[in-house]
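Asks: The primary structure of each chain is shown beneath.
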Amino acid sequence: MAHSQYKYLPHETLDSLKHIELVAKSMVEGAMLGLHRSPYHGFSSEFAEYRKYSPGDSIKYIDWKTYARSDRYYIKCFEEETNLRSYIVLDKSGSMGMASGRPVPAKFNYACYMAAAFMYLMHQQRDAFGLFTYNDKILDAVECTFSRAHLITLLKLLEHLSPEGKSNAGGCLKRIAEQVPQRSMVIIFSDFFDNDPEFMKSLHHLTFKKCEVILFQVLNDEELKFPYKGLVQFEDLETGETIDMESEACKDFFLSSLAQYNIKLKNFCDSQRISFETLTVSTPFERALAAYFSKRETMF
Amino acid sequence: MDFGNPIFLWALPAVLLPVILHLFFKRRKIRIHFSTLLFFVKKERYFAYRRKFHEILLLTLRTLIILLLVLALSHIFFKRFNFITGGSTEAVIILDDSMSMQCSLSAGGTAFDFAKRKAEEILNSLSGDDGASLVLLSGRQGISLTRDKAEVLKHLRQAQLTAATGSMSASMQSAIDQLRKAPGLNREIYILSDFQKNNKPSRAISTATLENCRVFCMPFNGSSENLSVEGIELDSTPKIVNRTVNIPYKIVNHGKSAKDVRVELEIDGKTVQTRQLTVKEQNSASDRFVFVPMRSGRLIGCVKITDENIPLDNKAFFTFSASGGINVLLVRDMHDNELDPFYFLRFAIDPIKNNPVLGIKTETENISSLTSERLKKCNILWLAQGEKLPDDKAILIRRYLDNGGVLISLPLSDSSPETYASLSKVSNYKIYNVYRTVTPFNKSGLRFNKPLSELNDLLQLDLIKWRKIQQIRYPAGNAIAVNGEEPMIIEQPAGKGKWITLSFDLRRDFSNWPLLKSFPVALSALINYAAGSSEKSLSSVCGENIELYGDKIGFSTTYGRSGELKTGNSKCVFTENWLPGVILFNSAEYEAAVVRSDNSESIIEISDSGDIKSFFDSPVALLDIGADITSQVTKLRNGTDLSGALLLLMLILLATEFALGGSPGMVWAGIKKSISRRNKS
Numbered sequence: 001m002a003h004s005q006y007k008y009l010p011h012e013t014l015d016s017l018k019h020i021e022l023v024a025k026s027m028v029e030g031a032m033l034g035l036h037r038s039p040y041h042g043f044s045s046e047f048a049e050y051r052k053y054s055p056g057d058s059i060k061y062i063d064w065k066t067y068a069r070s071d072r073y074y075i076k077c078f079e080e081e082t083n084l085r086s087y088i089v090l091d092k093s094g095s096m097g098m099a100s101g102r103p104v105p106a107k108f109n110y111a112c113y114m115a116a117a118f119m120y121l122m123h124q125q126r127d128a129f130g131l132f133t134y135n136d137k138i139l140d141a142v143e144c145t146f147s148r149a150h151l152i153t154l155l156k157l158l159e160h161l162s163p164e165g166k167s168n169a170g171g172c173l174k175r176i177a178e179q180v181p182q183r184s185m186v187i188i189f190s191d192f193f194d195n196d197p198e199f200m201k202s203l204h205h206l207t208f209k210k211c212e213v214i215l216f217q218v219l220n221d222e223e224l225k226f227p228y229k230g231l232v233q234f235e236d237l238e239t240g241e242t243i244d245m246e247s248e249a250c251k252d253f254f255l256s257s258l259a260q261y262n263i264k265l266k267n268f269c270d271s272q273r274i275s276f277e278t279l280t281v282s283t284p285f286e287r288a289l290a291a292y293f294s295k296r297e298t299m300f
Numbered sequence: 301m302d303f304g305n306p307i308f309l310w311a312l313p314a315v316l317l318p319v320i321l322h323l324f325f326k327r328r329k330i331r332i333h334f335s336t337l338l339f340f341v342k343k344e345r346y347f348a349y350r351r352k353f354h355e356i357l358l359l360t361l362r363t364l365i366i367l368l369l370v371l372a373l374s375h376i377f378f379k380r381f382n383f384i385t386g387g388s389t390e391a392v393i394i395l396d397d398s399m400s401m402q403c404s405l406s407a408g409g410t411a412f413d414f415a416k417r418k419a420e421e422i423l424n425s426l427s428g429d430d431g432a433s434l435v436l437l438s439g440r441q442g443i444s445l446t447r448d449k450a451e452v453l454k455h456l457r458q459a460q461l462t463a464a465t466g467s468m469s470a471s472m473q474s475a476i477d478q479l480r481k482a483p484g485l486n487r488e489i490y491i492l493s494d495f496q497k498n499n500k501p502s503r504a505i506s507t508a509t510l511e512n513c514r515v516f517c518m519p520f521n522g523s524s525e526n527l528s529v530e531g532i533e534l535d536s537t538p539k540i541v542n543r544t545v546n547i548p549y550k551i552v553n554h555g556k557s558a559k560d561v562r563v564e565l566e567i568d569g570k571t572v573q574t575r576q577l578t579v580k581e582q583n584s585a586s587d588r589f590v591f592v593p594m595r596s597g598r599l600i601g602c603v604k605i606t607d608e609n610i611p612l613d614n615k616a617f618f619t620f621s622a623s624g625g626i627n628v629l630l631v632r633d634m635h636d637n638e639l640d641p642f643y644f645l646r647f648a649i650d651p652i653k654n655n656p657v658l659g660i661k662t663e664t665e666n667i668s669s670l671t672s673e674r675l676k677k678c679n680i681l682w683l684a685q686g687e688k689l690p691d692d693k694a695i696l697i698r699r700y701l702d703n704g705g706v707l708i709s710l711p712l713s714d715s716s717p718e719t720y721a722s723l724s725k726v727s728n729y730k731i732y733n734v735y736r737t738v739t740p741f742n743k744s745g746l747r748f749n750k751p752l753s754e755l756n757d758l759l760q761l762d763l764i765k766w767r768k769i770q771q772i773r774y775p776a777g778n779a780i781a782v783n784g785e786e787p788m789i790i791e792q793p794a795g796k797g798k799w800i801t802l803s804f805d806l807r808r809d810f811s812n813w814p815l816l817k818s819f820p821v822a823l824s825a826l827i828n829y830a831a832g833s834s835e836k837s838l839s840s841v842c843g844e845n846i847e848l849y850g851d852k853i854g855f856s857t858t859y860g861r862s863g864e865l866k867t868g869n870s871k872c873v874f875t876e877n878w879l880p881g882v883i884l885f886n887s888a889e890y891e892a893a894v895v896r897s898d899n900s901e902s903i904i905e906i907s908d909s910g911d912i913k914s915f916f917d918s919p920v921a922l923l924d925i926g927a928d929i930t931s932q933v934t935k936l937r938n939g940t941d942l943s944g945a946l947l948l949l950m951l952i953l954l955a956t957e958f959a960l961g962g963s964p965g966m967v968w969a970g971i972k973k974s975i976s977r978r979n980k981s
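Protein chains in written order, with this note's numbering: chain A, 1 to 300; chain B, 301 to 981.
It should be emphasised that the hints constitute simulated quantities derived from the structure, not laboratory data. Check before you lean on any hint, since a few could be wrong.
[To be verified] In silico DSBU-like pairs for lysine-lysine, Cα to Cα no more than 30 angstroms straight-line:
id : chain 1 : residue 1 : chain 2 : residue 2
1  : B       : K750      : A       : K166
2  : B       : K329      : A       : K225
3  : B       : K329      : A       : K229
Quantities reported herein were computed from a predicted structural model and do not represent experimental measurements.
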């Protein structure tokens with residue numbers, strides 16, 4: 001990886017990711033030893049608690065010092081540390097293809113850069129990672145592994161993806177939630193422009209399975225600032241539907257509607273202990289990534 | 301459309317200026333591929349539409365303003381009809397002289413008199429080179445197109461109302477035919493009528509074949525309240541002195557309120573009976589006068605009412621000829637000297653000699669002494685023949701029948717099919733010899749058919765016992781009486797008269813009928829029926845031609861006209877029957893004609909302006925009869941100057957354009973204001 005030849009993982013990214021660790025907020029279930037806390041108490045270096053001795057326990061874990069003080073047998077328990085299973089979910093619907101006129105990447109490209117960075121980070125931590133892409137149905141579903149070959153495969157796959165079709169986030173996330181194991185990490189990149197109650201239910205399903213869910217909302221400057229003037233015909237990238245608008249007349253209404261939508265989504269995420277981050281494509285993704293991880297560190 | 305200053309029409313391309321400017325400064329629409337339309341509300345589109353509509357409205361206003369300015373400067377005239385200024389005009393005046401034009405107008409006088417005054421106005425509006433003609437709607441003689449307007453005026457003043465109806469189609473066709481031949485460049489038809497619904501043509505009248513033809517309609521609406529007496533139909537029974545005559549009548553109220561009316565029966569100019577009736581609105585009342593003629597000869601009478609509106613339909617005339625009695629000439633076979641075949645018949649119908657109690661007088665004659673003079677005096681010739689009828693007598697009888705005489709024949713014991721064969725031979729087989737052989741007939745009863753079927757209930761006809769009959773057939777006749785399928789008395793037309801044939805004699809050889817009580821009743825009824833058609837008058841409606849046959853036919857009418865008709869080949873046509881009344885003829889086969897008014901003209905149903913226009917399939921102008929005709933016609937000929945109206949309209953549009961705000965900035969400010977107001981709310 002010293003000389004990256006992958007589109008979505010340039011050299012600058014590799015440098016900026018050197019000192020970052022992605023630690024799961026909650027306990028995760030993994031098969032190998034790793035950075036992350038496991039719900040299974042084992043016998044490792046991280047002390048967890050004492051518990052009364054029960055017949056059958058190995059006597060080598062009896063804390064004799066405590067016995068000397070209290071005249072009772074206590075077993076010394078340690079927290080087990082394991083590796084993380086994380087899934088990156090990428091919205092590949094037409095709306096993600098909205099590009100601005102300036103030389104900044106389209107929303108989808110930006111999401112791919114972010115996804116590649118996360119995959120690299122996982123690989124570095126020897127965490128397993130998988131990939132889902134969807135529009136109105138699940139298009140790619142790659143299972144979790146942590147090998148280098150797996151990383152290369154996924155990076156190559158990202159390069160061949162392009163946004164198209166209508167979005168059915170609710171239905172697709174529901175199926176993804178059914179597929180992912182408990183206590184996984186699910187990182188979703190999308191614009192989340194789905195006025196679909198199923199979408200909320202799917203997120204709830206994921207949290208019910210004790211997964212850590214991170215939503216990255218990728219937006220354009222045009223969507224956030226609505227800089228249009230005069231008579232504009234807007235064409236929906238997903239449905240092809242058009243609408244003629246006096247842009248000055250509808251700007252305020254559009255922006256306030258979008259803000260209200262995002263607030264509603266954020267409130268829902270907060271209630272479900274889901275991380276929700278809005279990213280702008282004009283912000284370099286390395287910076288956005290660094291900002292996110294610094295913010296994340298404060299959360300623990 | 302005509303233009304006073306057509307040079308300004310060159311400025312018409314200027315109307316494209318706003319369109320060009322609009323296209324030049326038109327805002328271009330940007331197309332943006334956007335992630336979602338979720339946050340756009342459909343109603344926000346309203347602003348885009350409003351702005352677009354505003355732009356189109358302003359464009360239209362500006363284009364119209366320039367167009368109206370150009371048209372106003374070019375001095376535009378609106379003409380409903382083509383009129384060639386400087387060309388002569390040919391005018392046909394169609395004057396409705398039908399009976400309904402006698403209705404009273406609210407201003408006083410009749411519609412016809414007012415229409416004549418208006419027609420004079422039209423004639424006065426024409427210049428010296430113009431031609432004029434007068435067509436009368438009833439079909440009465442008018443005057444063809446002429447430059448001599450004094451002659452037209454004379455005809456107009458002489459025009460009289462008729463009790464006939466009129467044909468709008470025929471009058472228009474006459475007018476079109478005249479105009480087609482006329483040299484004038486402008487053609488005008490003036491129709492002065494009440495435009496009754498019954499005059500509406502079945503198909504719209506077209507003047508499309510005539511160039512530069514204008515139709516002007518002048519409707520005259522009078523009172524719709526009217527009472528009329530419908531034509532009187534007397535029954536066909538013979539009218540005999542001192543015997544009652546029924547005169548039925550029917551009074552119709554065409555108005556919208558009930559009316560009390562005095563009905564009078566007038567005979568020979570004297571009122572003989574009166575009656576008071578109430579006739580409900582839109583209804584009729586029927587009754588009859590019973591009159592007893594006191595003298596023989598032709599009587600002329602009428603049933604009349606008093607009603608101010610349309611007096612022409614207030615009288616219904618009738619006429620009949622009253623005789624002293626029915627003269628029946630009984631003629632018998634000269635060889636039959638022993639038995640009188642009319643013995644029982646004479647006792648039945650004329651029992652007391654020289655005192656015809658039943659109104660029937662009989663005289664007996666031998667066939668050998670029968671002359672034409674004798675035949676002229678009788679109403680019915682009753683012939684009892686045993687042997688073959690001589691040819692000379694057959695010719696005599698045939699002439700009698702040709703002139704409307706009635707022959708009743710009966711067989712005798714020695715009759716054969718040859719007995720009356722000569723009668724059909726001399727008639728060139730137009731009269732059928734219906735007699736066959738004498739055969740035994742052992743049946744009973746007799747049944748009369750119409751019109752004598754009332755006798756079946758009255759008389760005991762089943763008591764008649766038949767012994768034999770001379771069989772008859774009826775190839776072209778009518779069976780008056782039958783026994784089962786067997787015809788017993790038949791009737792066939794013969795010339796203008798008829799031949800009634802009995803299959804039995806009137807003695808006791810053939811049946812026992814002469815001894816029964818039903819015999820005199822049935823035979824006097826048969827004689828009355830046979831003599832019924834002797835009335836020599838006909839009925840006609842005003843305006844219908846009457847065909848007459850005869851030489852040197854003289855006529856006199858109840859309304860004072862008389863003269864002699866021109867005949868050709870012993871035939872002539874009486875055409876001047878325009879008023880209701882009775883016309884008496886001399887030396888014709890008809891002695892009189894009753895002329896009645898046309899009932900459809902008594903119903904005053906006036907068409908409204910829409911209906912009047914539907915009379916024609918090309919545009920017509922309705923003139924106001926209350927206003928000056930000349931000024932109305934001049935205005936229609938010259939057209940209306942629209943410049944002032946167009947300038948006014950242009951100013952209104954200009955003000956609207958200013959009010960709407962010519963600058964888009966102002967419009968945008970308006971839109972923003974409405975957005976902020978909405979957001980606040």
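Asks: Taking only the CA atoms, is the gap from B/K750 to A/K166 under or equal to 30 angstroms?
Replies: This hinted pair is violated, its Cα atoms lying about 96 angstroms apart.
Asks: Tell me if the straight-line CA distance from B/K329 to A/K225 falls inside 30 angstroms.
Replies: holds (20 angstroms)
Asks: Would the pair B/K329 and A/K229 pass a check requiring their Cα atoms to be no farther apart than 30 angstroms?
Replies: Distance ~10 angstroms between B/K329 and A/K229 Cα, so the pair holds.
Checked against the numbered hints given earlier, the structure breaks only hint 1 and satisfies all the rest.
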